[in-house]
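Peer 1: Protein chains in written order, with the working numbering: chain A, 1 to 409; chain B, 1001 to 1409.
By construction, these hints were calculated from the structure, which means they are not laboratory data. Predicted model, so just to flag it, every value in this text is computed and none were measured. Don't take each hint at face value.
Residues from chain B that face chain A, not an exhaustive set, calculated with beta carbons under 10 Å [as the list claims (entries may be wrong)]:
#	residue
1	Gly-1028
2	Ala-1029
3	Lys-1045
4	Arg-1070
5	Gly-1090
6	Gly-1123
7	His-1126
8	Ile-1127
9	Thr-1129
10	Ala-1256
11	Pro-1258
12	Val-1302
13	Phe-1346
We put the beta carbon where it would ideally sit given N, CA and C, even for glycine.
So you can see what is in the structure, the chains are spelled out below.
There are 2 protein chains.
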Amino acid sequence: MMRTETFSFSIHATAGAARAGVFTTPHGAVETPAFMPVGTLATVKALDPRELHEAGARMLLANAYHLHLRPGEEIVAQMGGLHRFMGWDGPILTDSGGFQVFSLATLRTVTEEGVEFQSHVDGSRHIFTPESVMAIERALGADVIMQFDHVIPGQSDYATAREASERSVRWLERCERAFARDAGCGMRDATGSWGKDPASEAVPRPASRIPHPAQALFPIVQGGIHAELRREAALAIHDMGDWVGYGIGGLSVGEAKPEMYTMLEVVDGVLPTDRPRYLMGVGFPEDLIEGVRRGVDLFDCVAPTRMGRNGTAFTSEGRLNVRRAELRTDEQPLDRECDCATCARFSRAYIRHLFAADEMLGPRLLSLHNVHFLMTLMRTARDAIATGAFDAWSRAWLDRYHSRPVSVP
Amino acid sequence: MMRTETFSFSIHATAGAARAGVFTTPHGAVETPAFMPVGTLATVKALDPRELHEAGARMLLANAYHLHLRPGEEIVAQMGGLHRFMGWDGPILTDSGGFQVFSLATLRTVTEEGVEFQSHVDGSRHIFTPESVMAIERALGADVIMQFDHVIPGQSDYATAREASERSVRWLERCERAFARDAGCGMRDATGSWGKDPASEAVPRPASRIPHPAQALFPIVQGGIHAELRREAALAIHDMGDWVGYGIGGLSVGEAKPEMYTMLEVVDGVLPTDRPRYLMGVGFPEDLIEGVRRGVDLFDCVAPTRMGRNGTAFTSEGRLNVRRAELRTDEQPLDRECDCATCARFSRAYIRHLFAADEMLGPRLLSLHNVHFLMTLMRTARDAIATGAFDAWSRAWLDRYHSRPVSVP
């Protein structure tokens, strides 16, 4: 078991590369494997923190790029940090915004120093460097903060992927230096202990309303769909020190699924087994199971809430488009096997009506169901790992999800 | 105390014309005075039935016009009726759609028979008559159903108001006949008992999936802003029989507030004091208090949810626009005196951010606060009536609401 004063990860059972563990943070513990709902702008779209907790969510995501633009990290810090601002006292992870800078922003200029870009909101100009992103993520105050990385399209060629991956490693070194200057908890220090006790620091902190919570910096393994680059990136990061946890980025961005699974296997072989691994931006049910099978502990994705807003439900028999005309008088819940607050009370007919009438309760109920669905899936996977049934269970689950049509009247 | 097998109204305390009572329906009791949130399309916009109950709501509204167009009353009936469809097992009232036919629909042709109009949704042609509206409201299955009436603009002249008011009385007679043919519970019958026991009916019901719940038909007093017409309408309705309760319509539709208050006083002098009075479409805090003072027991309005979606909060110090720049770093709740689920957890700064970022949680939290605000206001009014403090309390409340600016940093 890895332990620090504030972060720890313990593995309670394994099944091949799959693991059932507990990731402990300053704001509480998360049983893994776990899915983290995405609250890009300090709110998981359409959902209330109370509902998220009831649905089984224990750790949420927020995004440094989006929060830098609106409302600005200094406002969040002044309001007591992200946890207090958004009314969530469980663990939070902030993504660095690397993905957003390379996907949402326009007129990018990438140099070794950083990225200059125009905001997708108002066209204003911004520069993100490893150092400035660390300052943003420090101010937001999440438990886990991700390094600033260079993200490329999923099908990028070897040279492009190599350049971005190697730059991401160099940016990680700069992130770590910037982070360590403040209150790093990213790597084991020379004395062998994790992080720093703020009280022990020689240099007094500047007087400020910005909170200084204990945080862990996660590196991100890049390398595109090139096994050699993934292995090199994982080794380079591993050689830099003993991190609290590891991100795996640049997947589920357009590449074929088997390529993603291969990359996970490569990385699983290099990263230390006693640290949590977080597969970024992956959240379809089948990908969660394939990821868990390959040693991933944490996932995040906008899929459950985005699909919920668009009228698509995850069910144990596959996806269901709730706008379908056949559902007009369908008295069934979205998924007969689901015990979420939506399925316990409302019919497919009612939810179809809400979407047809463009009523806000529709996206709410569907987002809640989809999040609950992934929570339940991960809890079931965890139980299966613990009881030794994971391999059979996961194969049966995927067979059913892929092959059975959703039953409608 | 008025009592039927399924409906009753008891008055526990009075203060001048104001009354504290309990209105009992087949789906439960409502302490009055009470505000009923509006779920036009079988959902109170942005809110979940669980939240509404937690906020103190006990009786909801839905709308026959809107539900006839989407999803259609036959679908709602087939899904078990409105209560089951929308997941609310408390009392429900349906408005007849009179107001909507005359305000939303286009190309209206009004005859003594009824109204032909085009749907505001898709332009399809429909005809509403007293008989067809009763059939729609029977199929929806709310506890209280309103008569189909002829609604006119608030400033209409005497001749126009007289025509519409007298027509509304004639349409009430047709509503009552149509309703009584089925399972009327509107008026005391010749034997002096209320409503009908479905099991005792000589003619067996047609086999159908349409439920036949106990319902009460409420008449609607019209008459514009003309005291003579209001008095005549109230007398005519009163002379028709002994209704479970009485609607007061056609107010808060553009007339001056003193005119509305005068009309309430006129009607209060004619309607029986031992029946609940429902002032339709009125929901601003000051109007609720003025209405209670003049003998009104039930209110409804889209104001709390519509204003909530638009970024305006009711507070004990007046209305607050949450988009104001001054709120960017305002750590206060919307209303320091409020104990709703929004104010207990979130700052004005966070809610402002949600609106600035166009996040769905903003309208949710603000709608919830506004509904809770009116619920609390009515409960406080009820307590003040019971303790004899209503007159002083209501004057002090209105003075403060009207005169104090909302404090911002």
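Peer 1: Each hint should be assessed against the structure and marked as holding or not.
Peer 2: Okay, the hints, checked on the actual structure:
no.	hint	result
1	Gly-1028	violated, 17 Å
2	Ala-1029	violated, 22 Å
3	Lys-1045	holds, 6 Å
4	Arg-1070	holds, 5 Å
5	Gly-1090	violated, 14 Å
6	Gly-1123	violated, 17 Å
7	His-1126	violated, 17 Å
8	Ile-1127	violated, 22 Å
9	Thr-1129	violated, 25 Å
10	Ala-1256	violated, 34 Å
11	Pro-1258	violated, 36 Å
12	Val-1302	violated, 13 Å
13	Phe-1346	holds, 6 Å
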